[in-house]
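Peer 1: Residues per chain are reported as follows:
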Amino acid sequence: MVERIRREFRKRDLCYLGALLLLPLIWPDPHLHHLLVLAGIYAILALGLSLFLGYAGQISLGHAAFFGIGAYTTAILTTRYSVPTFVAFWASAATAAVIAYLIGRPILKLKGYFLALATLGFGEIFLVMVRESRSLTGGVSGIFGIPWFSLAGFSFDTYLKQYYLIWGVLLGLLLFAKNLVRSKVGRASLAVATSEDAASTVGIKVAQVKVGVFVVSAAFAGFAGSLFACVMSTASPEAFGLSLSILIVMMVIVGGMGNLYGPIVAAIFLTWLLDILGGYQEYSLPIYGVILILLLIFFPEGIGTRLGIRLMYLISYRGRKKKREEVQL
Amino acid sequence: MPLLAVKKVVKDYEGVRALNGVSLQVEKGVIKGLIGPNGAGKSTMFHLISGMEKPTSGNIAFRGVDIAGKEPHEISGLGMGRTFQTVQTWGNMTAVENVMVGMHRKLIGGILSCGLWLPWIKREEKEVLREAFGMLEFLGLSAKWKWPAFQLSYGEQKILEIGRALATGPELILLDEPAAGLTPQEVQALAEKIQQIRERGTTIFVVEHHMGMVMEIADEIAVLNHGELIAEGRPEAIRDDPRVIRAYLKGTVYA
Numbered sequence: 001m002v003e004r005i006r007r008e009f010r011k012r013d014l015c016y017l018g019a020l021l022l023l024p025l026i027w028p029d030p031h032l033h034h035l036l037v038l039a040g041i042y043a044i045l046a047l048g049l050s051l052f053l054g055y056a057g058q059i060s061l062g063h064a065a066f067f068g069i070g071a072y073t074t075a076i077l078t079t080r081y082s083v084p085t086f087v088a089f090w091a092s093a094a095t096a097a098v099i100a101y102l103i104g105r106p107i108l109k110l111k112g113y114f115l116a117l118a119t120l121g122f123g124e125i126f127l128v129m130v131r132e133s134r135s136l137t138g139g140v141s142g143i144f145g146i147p148w149f150s151l152a153g154f155s156f157d158t159y160l161k162q163y164y165l166i167w168g169v170l171l172g173l174l175l176f177a178k179n180l181v182r183s184k185v186g187r188a189s190l191a192v193a194t195s196e197d198a199a200s201t202v203g204i205k206v207a208q209v210k211v212g213v214f215v216v217s218a219a220f221a222g223f224a225g226s227l228f229a230c231v232m233s234t235a236s237p238e239a240f241g242l243s244l245s246i247l248i249v250m251m252v253i254v255g256g257m258g259n260l261y262g263p264i265v266a267a268i269f270l271t272w273l274l275d276i277l278g279g280y281q282e283y284s285l286p287i288y289g290v291i292l293i294l295l296l297i298f299f300p301e302g303i304g305t306r307l308g309i310r311l312m313y314l315i316s317y318r319g320r321k322k323k324r325e326e327v328q329l
Numbered sequence: 330m331p332l333l334a335v336k337k338v339v340k341d342y343e344g345v346r347a348l349n350g351v352s353l354q355v356e357k358g359v360i361k362g363l364i365g366p367n368g369a370g371k372s373t374m375f376h377l378i379s380g381m382e383k384p385t386s387g388n389i390a391f392r393g394v395d396i397a398g399k400e401p402h403e404i405s406g407l408g409m410g411r412t413f414q415t416v417q418t419w420g421n422m423t424a425v426e427n428v429m430v431g432m433h434r435k436l437i438g439g440i441l442s443c444g445l446w447l448p449w450i451k452r453e454e455k456e457v458l459r460e461a462f463g464m465l466e467f468l469g470l471s472a473k474w475k476w477p478a479f480q481l482s483y484g485e486q487k488i489l490e491i492g493r494a495l496a497t498g499p500e501l502i503l504l505d506e507p508a509a510g511l512t513p514q515e516v517q518a519l520a521e522k523i524q525q526i527r528e529r530g531t532t533i534f535v536v537e538h539h540m541g542m543v544m545e546i547a548d549e550i551a552v553l554n555h556g557e558l559i560a561e562g563r564p565e566a567i568r569d570d571p572r573v574i575r576a577y578l579k580g581t582v583y584a
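In the order they appear, the protein sequences are chains A and B.
Under the working numbering, residues 1 to 329 are what the first sequence spells out, in order.
Under the working numbering, residues 330 to 584 are what the second sequence spells out, in order.
Bear in mind the hints are in silico, worked out from the structure with no lab data behind them.
Every value quoted in this text rests on a predicted model; they were computed, and no experiment measured them.
Hints should not be assumed to be uniformly reliable.
Claimed, not checked - Taking lysine to any residue pairs in the SDA-like style, the calculated list, with each CA pair at most 25 Å apart, reads:
id, chain 1, residue 1, chain 2, residue 2
1, A, K111, A, G121
2, B, K451, A, R12
3, B, K451, A, L174
4, B, K383, B, G368
5, B, K455, A, R182
6, B, K399, A, P106
7, B, K383, B, E506
8, A, K161, A, V249
9, A, K109, B, K455
10, A, K178, B, E506
As the list claims (entries may be wrong) - Reference excerpt, derived from the structure (chain B facing chain A, CB under 7 Å, subset only):
id, residue
11, Q414
12, Q417
13, M422
14, W446
The beta carbon of each residue, even a glycine, is placed where N, CA and C say it ideally should be.
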């Protein structure tokens, strides 16, 4: 039975992959391509935070800062030092990871609300530093003229090419995250999230697990930031504020805690929602808020989880018994 | 040298003295019981030994190493496992994964190698899965290996918690009221299981309210009352000890 479900899931994954490859070709609308590019970038962010929030059970309200660190690293390296974008891409993730390690060591001793406030403070400090160190970051106006992402002479200069680039990166990171989740790191994260006492008595170094997952999730944000800088060709502070941090947290919660596909689905959905609501001007935010509240009322476990369970019911007539198994596969 | 030696341990909680200069020892290979009325300080003693709390004074030596003030994960690394009075299994993981968490320290993979799922990580994971399944077989839970822990019965979760502690490969395992909340049949099965665990070479230190079980399995019993050790010895001797009877009778009168 389990084997059959596994096969079904593999088939399902292939279908998704095919749909992703063909989607922009079937629908050759530049606006849609641009939206999908943005959604992909947000999905990378949400995927990274999902490891920290959904698995390790820790809150971060400063994740936009790591996104910003990634974007500025790429912006500064490419425009000032003419570093190739591909190198800057890795450097961005590394910078975000190192900074996450340095601030994670002290602040991850905090829990719950205190951790939320500390990360929020980190996000604000990052913004102030970016605005004030004008010589390096260009201050409020930011950095312009960041080159397109290019690899071995091939430049990703249209939305369509960027779409494949970003969703390719997302796919790679998704595989990385999936492996992480099914390994000892994922088990230790879930253990720490549920009971730190019990985790420490089986020999898990709680602080180390938290910092490790925090660093990974910051590196994901660094990758996303680097891609964002290349796609937008600018980096300016207002893109990396608290509202983005909260948006990422929303994506993880709407997508479902302890689930990797959910936050990706939620990232696409919320990006699309924000885009169509943009036409309603001053009513857009209230409508957005109401939709989020409805989602949380009717899908408290996240849209990803519920959709997964529905599929399990269809695939397996014994779904009732095994409804939680989907998470384990 | 005893496996565990607690010497003159004092623990104060803001004006309340939970333990007042208690000394006791656990020899290698025995099943030792720790009993006493509610509030006698039994759980406090376990928290101190497993490193979850620090003693106010006194010292605790495990395998000759002073562990008072060490972190729980360090003490676990020295070869001590424990369970909790209220079960603390990880409900969102399967039974076998709960046991695999106990083998965390045996796995040497880091974040990068795990994320890339390198061939040796794959082998390592397979090995640990097999070992964890073996543990569930020993505990009689192998049929439910893929069940999420929250769907197991309370008794099964208590057994699973013991399995998780055993998975760390401990010399000494602390069981905090393993029989609480179990049916009489389950208690009987548990008693047999605990004896089998001892036969596998693990020393057991157990806090228990279920007198029948403690008397049956323990080689030696220590009795705490109001934070002081009032008796220590073989089960028969403890049963007839007037101080123990008085402590328990008082407990029942007020209860």
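Peer 1: If any of the earlier hints don't hold here, list their numbers in rising order.
Peer 2: 8, 9, 10, 11
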